[in-house]
Amino acid sequence: MVSIQENNHFAIVSLRDRKVVRHFDAGAVTVSGVDTRDDDQIVLDGTITAKREPDGVAWLSDELFASANEGDYEGGSRGWSIFDRNGRVVWDAGNTLEHIAVEHGLYPDKRSDAKGIEPENVAFARFNGVPYVFVNSERGNFTAVYDVSNPRSPKFRQLLLTAAGPEGVVAVPSRGLVIVSSETDDPDNNLRGAVGIYGIGHGLFPSIVSKDLIPWGTLSSLSAVPGKPSQLVASTDAAYVPTRILTIDTSSAPATIFKQLTVTKDGKPVGYDAEGLVARTGGGYWIASEGSAGTPNLLVRLDSAGAVRQEIPLPADIAAAVTTNGYEGVAESGGYVWVAIQRSLKTDPQTINRIGRYNPRTGEWSWLGYPVDTAPLGWSGLSELVAVDGNTFAVIERDNQRGPQASIKKIYEFDVPATWTGFPTVKKRLVKDLLPILKSDHGWVQDKVEGLAVAGNGQTYAVTDNDAIDDATGETLFLRLGRLL
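Anchor point for the sequence shown: position 312 equals 312 in the UniProt record's numbering, and the numbering is continuous, going up by one each time.
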């Protein structure tokens, strides 16, 4: 079986006779309920009609074969199909594979106006007597596993997380293995071409999914929900507009995103780079919005409906000295709002970051220094701030490296003095090195551990930011750390 992608065609070639014995077109398909706009939102309300333009193919039997419909010049159908040897469609994925990507936080919005997740290749094999099809998603960075015991109704079983840009896939049933090669090689973003070797069965992924097709990604913060012992909230960062607050049920495995709240200002949806979030005991939220060129760092107070009630800028001298790596965490304790700035100010020693205390009654700011570890490569900074008790806080300290170059992914805690003047430096204590956990699935180590929370049930959780699968592998790890803090 040969796919002729840009001609929307298949050919069956007899190797013995050295000739084409049959050929037929791959047809077209209309798919509804997909995202067709590159607009920093995942909205599944679009419809496409596209030729299948097949890429990889694999025989399932003497009569049936599967094809990944990547598309090319005239778009893609965003799924995969099973045909009989006469070219009749036995089954087509329609929108279901893209919906699976959305549920797992692996949908690449920037490809919405092109070919979506781009199914790239397929392989077939039997494992312990069960026939499986393995489908690569080049832009979603995963391999989907289907049980095709009934080829007219395949059953999705799991996703295998790959390095960026999976192209080749080969099954080795005698060893119980699937091997995937990924082509993206971008050293500037610490993404390298890689080969992944997988067994079939349950692994660490997925650790978090959504229900009812709630779109998600870039979980850049975590917070406990007062009065809800098994619930957390997380915020989406500037990769998506508008900003949303997502509610997570930790009592299920995997954890489940089951509710979303859109942030509004003056009655209209609004976008912040919400790198820090804390749910308030009396209702509502504080967001720490990281600034960028032309956009200030803001402490934003929301009511319980997600409406903006107050925006608080940094003091002028701090605002002038902060880099583009500004706010990354927020906490509320003792009547104060506390913030963490990711990297050193231009006017501070490069090994000292800032922890800020804001008094909402007086508008006064006070500052503490936090000593960061020296990273072997790149830089090290703060990614989260959590109030443990009245005078103890925990932070995530991490470098900006991933893959084999990652070295600093740690939770530290420190105590703050009852009173202080000037700019004293706190003493930190190591609580947990997260790098062994991030390495434990033998996949591509994530760099952005950005959320940390202690839920009302006493359990500590951490989560990675997947960068909306933009120059990233896209995997989100939701870590259950036990009674840690």
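Hints in this document: simulated from the structure, not taken from any laboratory. Any given hint could turn out to be false.
[Said to hold, decoys possible] Calculated cross-link-like contacts (lysine-lysine; reagent style BS3-like; alpha-carbon spacing at most 27 Å):
#1 110 - 346
#2 155 - 228
#3 110 - 211
#4 19 - 110
#5 346 - 427
[Claimed, not checked] Label-pair restraints from in silico Cβ distances:
#6 252 - 378: 51 to 59 Å
#7 421 - 229: 16 to 24 Å
#8 187 - 253: 30 to 38 Å
Remember, predicted model here, so these are calculated numbers, not experimental data. Ideal Cβ positions, reconstructed from N, Cα and C, are used throughout, including at glycine.
For the pair supplied as a hint, residue 110 and residue 211, is the alpha-carbon distance within the 27 Å limit? holds (22 Å)
27 Å Cα cutoff - pair residue 346, residue 427: Since the Cα atoms of residue 346 and residue 427 sit roughly 22 Å apart, the hinted pair holds (cutoff 27 Å).
Cβ separation of residue 187 and residue 253, checked against the hinted range 30 to 38 Å: Holds: the Cβ-Cβ distance is about 36 Å, inside 30 to 38 Å.
Assessment of proposed distance window 51 to 59 Å (beta carbons of residue 252, residue 378): With a Cβ separation near 36 Å, residue 252 and residue 378 fall outside 51 to 59 Å, so the hint is violated.
Would you mind confirming whether the straight-line C-alpha gap from residue 110 to residue 346 stays at or under 27 Å? violated (34 Å)
Range hint 16 to 24 Å: satisfied by the CB atoms of residue 421 and residue 229? violated (39 Å)
Hey, residue 155 versus residue 228, does the alpha-carbon distance stay inside 27 Å? violated (35 Å)
Within 27 Å, alpha carbon to alpha carbon, are residue 19 and residue 110? At roughly 42 Å apart (the allowed maximum being 27 Å), residue 110 and residue 19 break the hint.
Checked against the numbered hints above, the structure breaks hints 1, 2, 4, 6, 7 and satisfies the rest.
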